[in-house]
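Q: Residue strings, one per chain:
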Amino acid sequence: MSILEVKKLTLRFGGLTAVSNLSFELEENTIMSLIGPNGAGKTSAFNCLTGFYKGSEGEILFKGQSIFRQKPYRITKLGMARTFQNLRLFKDMTVLENVMSGMHSRTSAGIFGAILRPPSQLREEKKIKQVSKECLDFVGILDKESRLARNLAYGDQRRVEWARALATQPQLLLLDEPAAGLNQDEKDQLVSLIRRIRKDLGITVLLIEHDMGLVMKVSEKIVVIDYGQKIAEGTAEEVKNNPRVIEAYLGKEDEE
Amino acid sequence: MGNSVGLMDRFRKILGLRKTQGILLAVLSLLVILLPLVANNYIEEVATNTLFYIVLALGLNIVVGYAGLVDLGYAAFFAVGAYTTGIFMKFGLNFWLTIPIAILFSVIAGIIIGGPTLRLRSDYLAIVTLGFGEITRITARNLKITGGASGLVGIQRPSIFGHILNQITDFYYLFLVLVVLAIIIAIRLHNSRLGRAWQYIREDEDAAEAMGIDPVKTKLYAYMIGASFGGIAGAFFAVKMTAISPETFAFTQSALILLAVILGGMGKIPGAILGAAFLVLFPEIFRGIGQMRMLLFGILLVIIMIFRPQGLWPERKG
Ligand SMILES: Nc1ncnc2c1ncn2[C@@H]1O[C@H](COP(=O)(O)OP(=O)(O)O)[C@@H](O)[C@H]1O
Ligand SMILES: [Mg+2]
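From first to last, the protein sequence lines stand for chains G and Z.
This note's numbering numbers the first residue of the first sequence as 1 and each following residue consecutively.
This note's numbering numbers the first residue of the second sequence as 1 and each following residue consecutively.
Calculated directly from the structure, the hints in this document are not laboratory data.
Please note that the accuracy of each hint is not assured.
To be verified - With the C-beta cut set under 7 Å, the calculated list includes, among others, these residues of chain Z facing chain G:
1) ARG188
2) GLU209
3) GLY212
4) VAL216
5) TYR221
For glycine and all other residues, C-beta sits at the position ideal for the given N, C-alpha and C.
Only chain G is shown next, with the shape it has when bound in the complex (with noise of 0.2 Å):
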């Protein structure tokens, strides 16, 4: 079954058309990438998917469900997380509130929780501190949990960013650009990584990749866009050796 069916999905801005007529179906529990050169539209179709931007046109299914020009924080709800390719945390908190805002879709207390403290608060608050720590272990920064996340190092704050998607509970995932900044250690770790969050967590990944050797190794499919339009689709064989994605990055290396 597809978790995710994007059809014919459209955003201009203004005269430039960013993302332009982009279809693809991704199938539940699989990794999948989505690449292309600079500027070919990757990161603009991440923020149509997650509500950031408002596609002009197309329609997305999320879990059969529309989440077309949604809001972001209700496609959250929904089950679909993601990071950013620039690293957005909240640096003046800890490491360990950080992953706690991930928790904030499943739990509920609210002005009245906060200032009579039920049980059912304390219950809460201990739940969301349980299920962040083990987010943290899951990416293997526990022993951080107390540092303010400005404080790390760049490696490790991408950690917290991957720790705090998975704290939404997602059953999607999207990452826009993880291995950026890693070194090559770091890379294999994000492999192995992303392998451990489909095989034990049973969500879906959508990776935006620029390392191709990473793109290669982890996903089973991958769409190629160019100038917003999809060029290829297919296993990481069927694409390496398409003659339009080799023009399309030997064409653009010199930008890169």
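Based on the hints, put chain Z with the ligands in the right spot on chain G.
A: Then chain Z with the ligands, alone, in the frame of chain G:
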């Protein structure tokens, strides 16, 4: 006694104070509690006024400090509370029963101002809240039920357990209770799911929304809570003064409360307390030098803001 020591200790930890500071806090609390035994009427009056502004500053701190929203019309909520209590008491309602109505009306005012405007950028929000403050004051000036330009007079003094509260000492303790409640509520809100949501939004609204937080609803909660602090303070203000007039709620009033929050350090509870105390006490202490004191006051504020833009209260290091 052991219990109260434990309580002080917990309080100290929540406020992030060291042991020596904790002792200082205990001594300070004792002084505040015993003050009416030694002070004359004038000092008690000033101290009561200080407590009153602390409640307002703690309320505005939730909007400005916790949620990071601009509000240049906070006096409007305080006005709504004061007038609601004043009017309902004129109709014969008991003071204590007017409080929930005052809260309700000020929360409604908070929703009216916040609902449509919280989607706006913060500079627009500044203008809208400023306008809202002025509209409230001008409306009070022109309506019959609010007593027009001369306002409401002859508001009854409330009583508690048959004892009529009409001494300054009564109001001193009444406001002290309000301050303690306001501090407890402010601390609890800060350390809650809602308090964290405000902080997430303040740090990065997009990231917060990606985590499933509804920014408009969360900000609206800040407005509603801030408004109810203002409304409660207003209700007590009305019975303390026994008379209220529209000019009490002018823009300078909103500006003063905002100044207290910024001066103390936005988002910090001890900061809001310190800021409010400073703003009330300074002009009183320098009363002797007449008009010069406002000039000195202004210069001092500018100097503080240049050298401590983060406010008087020190930042907590993580
Ligand atoms: N908010 C925006 N306003 C205007 N143009 C945008 C905006 N976001 C992206 N673009 C443009 O859309 C195109 C695709 O950008 P992007 O989606 O970031 O590409 P990629 O992630 O594939 O590198 C680029 O030409 C970019 O300049
Ligand atoms: Mg991008």
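Q: Hint by hint, note whether the structure agrees.
A: Results of checking the hints against the structure:
1. ARG188: holds, 5 Å
2. GLU209: Given a least distance of 5 Å, the restraint on Z:GLU209 holds.
3. GLY212: holds, 3 Å
4. VAL216: This interface hint is violated because 9 Å lies over the 7 Å limit.
5. TYR221: holds, 6 Å
Of the numbered hints given earlier, the model fails hint 4 alone.
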